[in-house]
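Undergrad: Kindly produce the complete structure, drawing on both the sequences and the hints.
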Amino acid sequence: MKLLRSGAPVFILGIILLCLCTQAFGQGCAQCLDSTRATPPAVQAAYRHAIYLLVGAASTLFLVGLYLLRREP
Amino acid sequence: MSAPSQKLRKSPARVHRFARAIFSTSHRNIGFGYLAISCIAVVIGTILSWLMRAHLSWPNWSLPLHGLILPEEYLALVTMHGTLMLFFVLTVAPQTGFGNLILPGQIGARRMAFPRLNALGMWITAAGLAVLLCAFFVPGGSPIAGWTSYPPLSVSALAGPGEGAGQDLWLASIALFGIGGAVGAVVMLTTIVKLRCTGMTWRRVPLTVWGWFTGALLAVPAFSVLLAAIVLLFCDRHLGSAFFIPRADVINATLISRHGSGSPLLWLHLFWFFGHPEVYIAILPGMGLTSMVIANFSRRRVFAYRLMIATTLAIGLLGILVWGHHMFVAGLNPFAGTAFAAASLAIAVPSTAKVLSWLATCWRARPFLTTPMLFALGFVSLFISGGLSGIIVAQPILDEYLHNTFFIVGHFHLIMAMAAVFGLFCATYYWFPLLAGGRMLSERLGKWHFWLTLLFAYTTFLPMYFSGLDAEPRHYAQLTGLNPPAQALLGAHTVLQLHITGGAFALGLTQFLFLFNLVRAMRSPEVAPANPWSATTMEWAPYALLEPCPDLPTPVVYQRPCHYSDDGTTFIAQWEPPQPSNPERE
Amino acid sequence: MQAIPPALRFWHMPVDGSWSGHALDSHLLLNLWIALGLFTLANILLVVGVVSRRRAHRPLHKLTLEYLPLTAFAAVFLFLGARANSLWATQRYTGAAPDALQVEITGLQFAWYFRYPGADATFGRTRNELVSAAEGNPVGLDPTDPHGTDDIVRSQLVLPADREVDLTLRAVDVIHGFAIPEMRLKQNAVPGLTQHIHFTPTRPGDYAILCTQVCGLGHYRMQAMLRVLPAAQFDQWLRQQEQAQPQGNQR
Amino acid sequence: MPTILTPPGIYQPRRPGRPGDLGEGDSGSGRRPPTDKRTGGNGDGDNWSDRPQGRRGPRERLSRARVGLFFALGGDLMFFIALVSVFFVAKTSGHFDAYSRYINDWLPTSIPSILWLNTAVLLVSSVCAEIARRSMFRETDLMDEWFGFGRPTSRRAAIWLSATLALGALFLAGQWVAWTQLAAQHVLFNSNASSHFFYLITVAHAAHLFLGIAALVSALTFLARSRQLATRQVAVDATVWYWHAMGILWIFLFALLEYGQ
Chain A
44 MKLLRSGAPV FILGIILLCL CTQAFGQGCA QCLDSTRATP PAVQAAYRHA IYLLVGAAST
104 LFLVGLYLLR REP
Chain B
51 MSAPSQKLRK SPARVHRFAR AIFSTSHRNI GFGYLAISCI AVVIGTILSW LMRAHLSWPN
111 WSLPLHGLIL PEEYLALVTM HGTLMLFFVL TVAPQTGFGN LILPGQIGAR RMAFPRLNAL
171 GMWITAAGLA VLLCAFFVPG GSPIAGWTSY PPLSVSALAG PGEGAGQDLW LASIALFGIG
231 GAVGAVVMLT TIVKLRCTGM TWRRVPLTVW GWFTGALLAV PAFSVLLAAI VLLFCDRHLG
291 SAFFIPRADV INATLISRHG SGSPLLWLHL FWFFGHPEVY IAILPGMGLT SMVIANFSRR
351 RVFAYRLMIA TTLAIGLLGI LVWGHHMFVA GLNPFAGTAF AAASLAIAVP STAKVLSWLA
411 TCWRARPFLT TPMLFALGFV SLFISGGLSG IIVAQPILDE YLHNTFFIVG HFHLIMAMAA
471 VFGLFCATYY WFPLLAGGRM LSERLGKWHF WLTLLFAYTT FLPMYFSGLD AEPRHYAQLT
531 GLNPPAQALL GAHTVLQLHI TGGAFALGLT QFLFLFNLVR AMRSPEVAPA NPWSATTMEW
591 APYALLEPCP DLPTPVVYQR PCHYSDDGTT FIAQWEPPQP SNPERE
Chain C
17 MQAIPPALRF WHMPVDGSWS GHALDSHLLL NLWIALGLFT LANILLVVGV VSRRRAHRPL
77 HKLTLEYLPL TAFAAVFLFL GARANSLWAT QRYTGAAPDA LQVEITGLQF AWYFRYPGAD
137 ATFGRTRNEL VSAAEGNPVG LDPTDPHGTD DIVRSQLVLP ADREVDLTLR AVDVIHGFAI
197 PEMRLKQNAV PGLTQHIHFT PTRPGDYAIL CTQVCGLGHY RMQAMLRVLP AAQFDQWLRQ
257 QEQAQPQGNQ R
Chain D
234 MPTILTPPGI YQPRRPGRPG DLGEGDSGSG RRPPTDKRTG GNGDGDNWSD RPQGRRGPRE
294 RLSRARVGLF FALGGDLMFF IALVSVFFVA KTSGHFDAYS RYINDWLPTS IPSILWLNTA
354 VLLVSSVCAE IARRSMFRET DLMDEWFGFG RPTSRRAAIW LSATLALGAL FLAGQWVAWT
414 QLAAQHVLFN SNASSHFFYL ITVAHAAHLF LGIAALVSAL TFLARSRQLA TRQVAVDATV
474 WYWHAMGILW IFLFALLEYG Q
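Top line first, the protein sequences correspond to chains A, B, C and D.
Numbers in my numbering are just positions in the first sequence, counted from 1, shifted up by 43.
Numbers in my numbering are just positions in the second sequence, counted from 1, shifted up by 50.
Numbers in my numbering are just positions in the third sequence, counted from 1, shifted up by 16.
Numbers in my numbering are just positions in the fourth sequence, counted from 1, shifted up by 233.
Some hints could be false.
[Unchecked claim] Covered by chain C, per the in silico footprint, the following chain B stretches (three or more residues, Cβ under 8 Å):
(1) 172-178
(2) 183-192
(3) 320-326
(4) 425-432
(5) 453-466
(6) 563-573
FYI, nobody ran anything at the bench for these hints, they're computed from the structure.
Owing to the predicted nature of the structure, the values given are computational and were not obtained by experimental measurement.
Glycine residues also receive a C-beta, built at the ideal position from the N, C-alpha and C atoms.
TA: If you want it as structure tokens, here you go:
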């Protein structure tokens, strides 16, 4: 896709940042590491999964909508 | 605003014209309906902001027929101002308002898909506005929790006046708004995907349509998540659940004990997951229009057209990933803060690409400085001045100092409110002939309107940066009666605030010029030539926005938009078949 | 008011009284100067490009006009982001030093309360159910906990200069924003969460503690005072408070 | 793309604003746009395969309805995903008690076994709906209708759609029974953190099924009243796809409630 190629740097950057989000250790009452430890890992994981779920679903919807537009003549 | 629509109707039967305009499913009437909604909202919102400014500058000033403005009333003003402006003006007018009016013409469609659904969406949005305005009149008054309605403040009526019926009405109104917005977005997406006319390949689609498309793609998930969050908050308020309030919360010396232990941060996540795409929904159509208008009056093709498409989509996609930058100091994990900061700074790259393209498009092009062009250039200037501060607040450590200060207020008023409003003015001046049956707005009045609006926009919102750098917090009802060190820190701000207040009043009053211009144009009989701006996009095709009838040709697109000769004297519109002399360069 | 560096005065910024504030200020000033420069440059380009009388006919060069500047800007953003993140990491990725002074801060509509652990250097247990400012127990100290008897609860934050402080943030009712602008410090106090933030005041004096998250009708007057004392005076103050503390905190 | 035949003998121009007109024609002007009705149904004497289809005609209406439905369902999916993500967080999150021990007071709600039955019912109803949908596009019946031998498609589809409607109503009744059973065990909305979610999810899904049932009723009225074959086909197709989506969604939600707690 020409368009993708022209916008390649931006898209690649976006993907890289998407991977960067794996840094997002949970959520909980984490302000400093000591209080992160006070948060059970299960909670952190739950928040992390919730974030992934929302982001993943919304981005998929976005890209599929784009694909639908592309598919039409 | 819906006066032009009825003037325009070429319907043979003049009887019941009004009723037919109300219940009609024509995209023009629906678009004008959306514009009417946002006109009501913008007038009320501006008056509210004037009251806020007046109270902030003269805390002892008593409002006629009402008396002194109490602190909770100030917060109610802030809440309603933000809600009206952000939801019912900046989202409705550019996306669904002008979207319905112009989008079909621009893609060579004769109408929007699903006209009834479309009308339904408009009426749901109108109902949302009506419900919101009712909040002024219920006991306790309108809510005081701000347009973000952070719990637990928004959960319990004990938390303050306006958190009872007022907050309920707010929830109902925003729920209606979300449903209506999602319906409108679905209609718009279907229209863009399915109703483009023959030859409208996606590289011939104008950037305005790309803006609408991306905005709608963001609106569908964002508004749905907002609706879910509102349902949960409603359960917390009335059904005794605890999604957003922790175990054993003591509000106003009353223990609120529920089953389960929720967290207010959940609301922040869900709300900002909606809230950040929301601001892109408000600004993306303006970006697209700015690109097209600058190109049109510079008589040049949009510089790096395909890159502009890619950046529009990239901004939309990244816009889904960055909501956490509203929560840097709200209790977010510091690592998550880093990730969200990285994603937020990444949005600066496509935005910079857009600015570069705008600058390059009009660079030494000797453009025609018509009013729409001026407003487009003003959009660029405001977008720059607001966006640069966005880069600053995207860095967590700096946001820690600037969060919830007037720096943020200045930031989003410049980049979102003012830039989007300039986009709206640009759209009005540019498309007025299409909206008002070939009439034109006066250029001289328009230029006065532009220069005064630009001047007062900067007068009002630029000083907010300095006030915020001096650590003045938002949402403060007054800067007097603070404790000594706070007084020493913030007391000096009254002068700056007075300056801002003056700017705000002048900015509002300037708009009467625009109003006068509208009325004058509507009364004037003279009719502009077809395609007065010699534009190249489909909505200016001689038959584009007329009521369809069988003897009209079906629109066909042969060209990319912005097809001008090098010296800019001649142009080929999208609907003109390619001459052998200048073969199409795809 | 103390002497403010001219750069800060140009940008209307208040004096900085904390150990980590200087780095933040320098980074913020760098950002502001860059922003101001780009703002001026872009607007000049806009105006000049528009008003120049001759129309440029040569086709614009996409690489030089779009991609090279874009790469440069991306590099600038990357640099700023990395620099900001290093500061962020030093402040937030790690907790306070073990020997830091412990103070617990409780926010409720519309006041801040500051609790010192007292002689036993241990905070007594608190329970929200017991919170009642009327009965003189604004932070909800649990009378059954012996650690709580010597806890000192004050409505003014007094800190020693040049010693790290570990603040524990609580909120009883709604979200409050704990901010000390002159310490370049801000953190929301969220009900249900216990959050830590640490800093080191350096400059003795009186500073304002503001609430920066709208929390109800009294939001604008929800302030407290931070008094930074030289170490010796602070120890003296603390001793006075401990003596003034009635044995058994049940009032 | 399924077969769509619009015999000109049967097609009749409609008054604007007539119910069952899925957006084709009414542009609020009272006049119909220049629509090209040649859909490859032969009979109108043009060789359609070597001329562009354009944006008109029943074939387009069908795919347009499907695209719109897709986006609407995408939004719906996001609504439920938001609920589910909150579910995950609330399941694990707790609070620190007085002795600074971490207390997670999540008691899984016992799912009434009737939900298994309801799920089966919903699956069967989905099958019926699919049969109805296919019968709207079966070529031989379309030919019959085109030749004017009654309306076999609509007859068969109406039967199966009514079956879907009945089963859907049965499902909702089953849900009601499940709620009353839980209420009998004093498990109400606000009796536990997990019961919040049980009621929230089941009620939200039930509300969507009510919408689906309304759609089924309107589809049946179209089958009975609409004279244009394409309108009936579009109505049935969209309704059935919505019904399928709700069925799949329910399977996920049910699995979440049954095994996810």
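Undergrad: Can you list which hints this structure breaks, lowest number first?
TA: The structure breaks hints 1, 2, 3, 6; every other hint is satisfied.
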